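Build the full structure now, drawing on both the sequences and the hints.
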Amino acid sequence: MCGIAGFFTEGNTKLQLQEATDTLVHRGPDAGGYFFEDCGIGLGHRRLSIIDLSEGAHQPMYSASGRYVMIYNGEVYNFQELRDKLPGHDWKTHGDSEVVLELFAQYGAESFAWLNGMYAVGIFDKETQKLTIARDPVGIKPLYYYYDGKSFSFSSELKSIKKLYPGLTMNREAIAYFLHLAYIPVPLTIYKDVFKFPSGHYMEVSMAAGKPALSEARAFWNVKAHIKPGTITDEAAAKGQLKDILFGAVQRQLISDVPSGTFLSGGIDSSLVTAIASKTSDTKIKTFSIAVVDGKVNEAPYAAAIAKYLGTEHYELPIHQKDILEMVPDLLSVYDEPFGDTSAFPTMLVSKLARQHVTVALSGDGGDEQFYGYGTYTWAQRLQNPLLRAFRKPLYAAGLPVVVGREPAGRIERLAEGAQQRV
Numbered sequence: 001m002c003g004i005a006g007f008f009t010e011g012n013t014k015l016q017l018q019e020a021t022d023t024l025v026h027r028g029p030d031a032g033g034y035f036f037e038d039c040g041i042g043l044g045h046r047r048l049s050i051i052d053l054s055e056g057a058h059q060p061m062y063s064a065s066g067r068y069v070m071i072y073n074g075e076v077y078n079f080q081e082l083r084d085k086l087p088g089h090d091w092k093t094h095g096d097s098e099v100v101l102e103l104f105a106q107y108g109a110e111s112f113a114w115l116n117g118m119y120a121v122g123i124f125d126k127e128t129q130k131l132t133i134a135r136d137p138v139g140i141k142p143l144y145y146y147y148d149g150k151s152f153s154f155s156s157e158l159k160s161i162k163k164l165y166p167g168l169t170m171n172r173e174a175i176a177y178f179l180h181l182a183y184i185p186v187p188l189t190i191y192k193d194v195f196k197f198p199s200g201h202y203m204e205v206s207m208a209a210g211k212p213a214l215s216e217a218r219a220f221w222n223v224k225a226h227i228k229p230g231t232i233t234d235e236a237a238a239k240g241q242l243k244d245i246l247f248g249a250v251q252r253q254l255i256s257d258v259p260s261g262t263f264l265s266g267g268i269d270s271s272l273v274t275a276i277a278s279k280t281s282d283t284k285i286k287t288f289s290i291a292v293v294d295g296k297v298n299e300a301p302y303a304a305a306i307a308k309y310l311g312t313e314h315y316e317l318p319i320h321q322k323d324i325l326e327m328v329p330d331l332l333s334v335y336d337e338p339f340g341d342t343s344a345f346p347t348m349l350v351s352k353l354a355r356q357h358v359t360v361a362l363s364g365d366g367g368d369e370q371f372y373g374y375g376t377y378t379w380a381q382r383l384q385n386p387l388l389r390a391f392r393k394p395l396y397a398a399g400l401p402v403v404v405g406r407e408p409a410g411r412i413e414r415l416a417e418g419a420q421q422r423v
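In terms of my numbering, the sequence shown has 361 at position 361, counting the first letter as 1, and numbering is strictly consecutive.
In short, the hints are calculated from the structure, not lab data.
Among the hints, a few may not be true.
Keeping only pairs whose Cα atoms sit at most 35 Å apart, straight-line, the calculated DSBU-like set for lysine-lysine is [claimed, not checked]:
#1 Lys162 / Lys322
#2 Lys92 / Lys159
#3 Lys296 / Lys284
#4 Lys211 / Lys239
#5 Lys14 / Lys162
#6 Lys196 / Lys243
#7 Lys126 / Lys159
#8 Lys159 / Lys279
#9 Lys224 / Lys284
#10 Lys296 / Lys352
#11 Lys150 / Lys92
#12 Lys243 / Lys126
#13 Lys279 / Lys239
#14 Lys211 / Lys196
#15 Lys130 / Lys85
#16 Lys239 / Lys92
#17 Lys322 / Lys352
#18 Lys192 / Lys239
#19 Lys284 / Lys239
#20 Lys159 / Lys196
#21 Lys14 / Lys159
#22 Lys150 / Lys162
#23 Lys243 / Lys284
#24 Lys352 / Lys286
#25 Lys286 / Lys296
#26 Lys14 / Lys130
#27 Lys322 / Lys286
#28 Lys224 / Lys130
#29 Lys196 / Lys150
#30 Lys224 / Lys239
#31 Lys92 / Lys322
#32 Lys279 / Lys162
Note that the coordinates shown come from a computational prediction; the quantities given were computed from them, not determined experimentally.
Spelled out as structure tokens, the structure:
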């Protein structure tokens, strides 16, 4: 994990760039760097070293020609194969960052579609004075941007943007969405004029009459283009293909020059990732879990059983419910906007535990989204029933909400009640 921050605004200073970038030091404690020119461009980077630990891989990174400057947060797993697209290139590093930069220098935004991984990137063309930002196809790496017609900035986290613009105001539409969904959907954020950049897209920013001009966000990846109905008609063949995909994904993501491990809850997803990691790794896998001693639900025994069966080097952190309450101030500093998922607490705790032993950790996140693991997905399918669809229009006309889950009024009531309780 690294942190990137930048702006393209006339009148901004290098000191502002440094202060905004330094809010991300927790994302990249190993090194920091800055690129600034009087035209108003500023690019800042905080580095967490994972592949190629040398100073040559520090950022901002300059292309071989010197024309392009890049800040990049992410991991591209097929970077070795992508080097073949640049035969004869004299590589200065053995990591993925240089490959991403030189591919863009040679092929432009077309190259984003070739990257297999998770990333957020900003690349400035010193010749055309144009900035390009992009985000990975699934949106694993965060990327936010601010634009009010006069100023443009972007960052891995909202706190950098807030450092640049301390007068940001709340977005009432975003608050309404949060009360209804328990999160704030793309492209909104909790602040006005600040947006989540869409996954699988890139955007160009140039300067016109002293003001930043933004192109439309253009898609370079679309899931529909990768769906081929009817290609698998045999269940056994489907299982075999899924196994190959899972093994390949875990193997690719375990490649690093620093220690790695897995989060293990004892559930299907994290157990599967850990099992594959154990089978494919040359060293004993380190696993990490949380045990809520006085909680109604404690998955630690299941995690311990899986760890014992797989022979991992297992670490378990016993906690009490009061420990979770004491985390609230820390959580507020990590999450820059309201987020109504209680999984944030154990995730933060297990991350702190893992960081004492490894730099990289794999988790089972994404499994439920990919394989319909949530009950809301089942209900969404049911609501596609033609009979149920027939009732939607009259319900809307009557002013009644047609939603899955509790109504917004219920969330507001619970929020008001919670605000009156002493912690």
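Each hint, compared with the structure:
1. As the CA atoms of Lys162 and Lys322 are separated by approximately 31 Å, the hinted pair is consistent with the 35 Å bound.
2. A threshold of 35 Å between alpha carbons decides the hint, and for Lys92 with Lys159 the separation of about 33 Å falls inside it, so the pair holds.
3. Using a Cα cut-off of 35 Å, the hinted pair Lys296 and Lys284 holds, with the two alpha carbons roughly 32 Å apart.
4. Restraint check: the Cα-Cα separation between Lys211 and Lys239 comes to about 54 Å, which exceeds 35 Å; the hinted pair is violated.
5. This hinted pair checks out: Lys14 and Lys162 have alpha carbons roughly 16 Å apart, not beyond 35 Å.
6. Straight-line distance between C-alpha atoms of Lys196 and Lys243 comes to about 33 Å, which keeps the hinted pair within the 35 Å bound.
7. For the suggested pair Lys126 and Lys159, the alpha carbons sit about 27 Å apart, so the restraint of at most 35 Å is met.
8. As the CA atoms of Lys159 and Lys279 are separated by approximately 40 Å, the hinted pair breaks the 35 Å bound.
9. Under the criterion of a C-alpha separation no larger than 35 Å, the hint pairing Lys224 with Lys284 is inconsistent with the structure, at around 39 Å.
10. Among the hinted pairs, Lys296 with Lys352 is consistent with the structure: their alpha-carbon atoms are about 23 Å apart, no more than 35 Å.
11. With a CA separation close to 38 Å, the supplied pair Lys150 and Lys92 exceeds the 35 Å bound.
12. For the suggested pair Lys243 and Lys126, the alpha carbons sit about 45 Å apart, so the restraint of at most 35 Å is broken.
13. Proximity of Lys279 to Lys239 is assessed by CA-CA distance (about 18 Å); at most 35 Å being required, the pair is judged to hold.
14. Restraint check: the Cα-Cα separation between Lys211 and Lys196 comes to about 21 Å, which is no more than 35 Å; the hinted pair holds.
15. Among the hinted pairs, Lys130 with Lys85 is consistent with the structure: their alpha-carbon atoms are about 24 Å apart, no more than 35 Å.
16. Distance hint between Lys239 and Lys92 is unfulfilled; the C-alpha atoms sit about 41 Å from each other, more than 35 Å.
17. Using a Cα cut-off of 35 Å, the hinted pair Lys322 and Lys352 holds, with the two alpha carbons roughly 17 Å apart.
18. For the suggested pair Lys192 and Lys239, the alpha carbons sit about 46 Å apart, so the restraint of at most 35 Å is broken.
19. With a C-alpha separation of about 27 Å, the suggested pairing of Lys284 with Lys239 holds against the 35 Å cut-off.
20. Of the supplied pair hints, the one linking Lys159 and Lys196 holds, its CA atoms being roughly 13 Å apart against a limit of 35 Å.
21. Our distance criterion of 35 Å between C-alpha atoms is met by Lys14 and Lys159, whose separation comes to about 18 Å.
22. Between the alpha carbons of Lys150 and Lys162 the distance comes to roughly 16 Å, so the proposed pair stays at or under 35 Å and holds.
23. Between Lys243 and Lys284 the CA atoms are separated by roughly 21 Å; this keeps the pair inside 35 Å, and the hint holds.
24. Only pairs whose Cα atoms come within 35 Å are accepted, and Lys352 paired with Lys286 is accepted, the gap being roughly 14 Å.
25. Restraint check for Lys286 and Lys296: satisfied, since their Cα atoms lie roughly 27 Å apart, inside the 35 Å limit.
26. About 19 Å separates the Cα atoms of Lys14 and Lys130, which keeps this hinted pair within 35 Å; it holds.
27. At roughly 27 Å between alpha-carbon atoms, Lys322 and Lys286 fall within 35 Å of each other, so this suggested pair holds.
28. With a CA separation close to 30 Å, the supplied pair Lys224 and Lys130 stays within the 35 Å bound.
29. In summary, the hint linking Lys196 to Lys150 is supported, as the alpha carbons are separated by about 19 Å, within the 35 Å threshold.
30. Between Lys224 and Lys239 the alpha-carbon distance is near 21 Å, which keeps this suggested pair within the 35 Å criterion.
31. A distance of roughly 51 Å separates the Cα atoms of Lys92 and Lys322; the hinted pair therefore is violated under the 35 Å criterion.
32. As the CA atoms of Lys279 and Lys162 are separated by approximately 45 Å, the hinted pair breaks the 35 Å bound.
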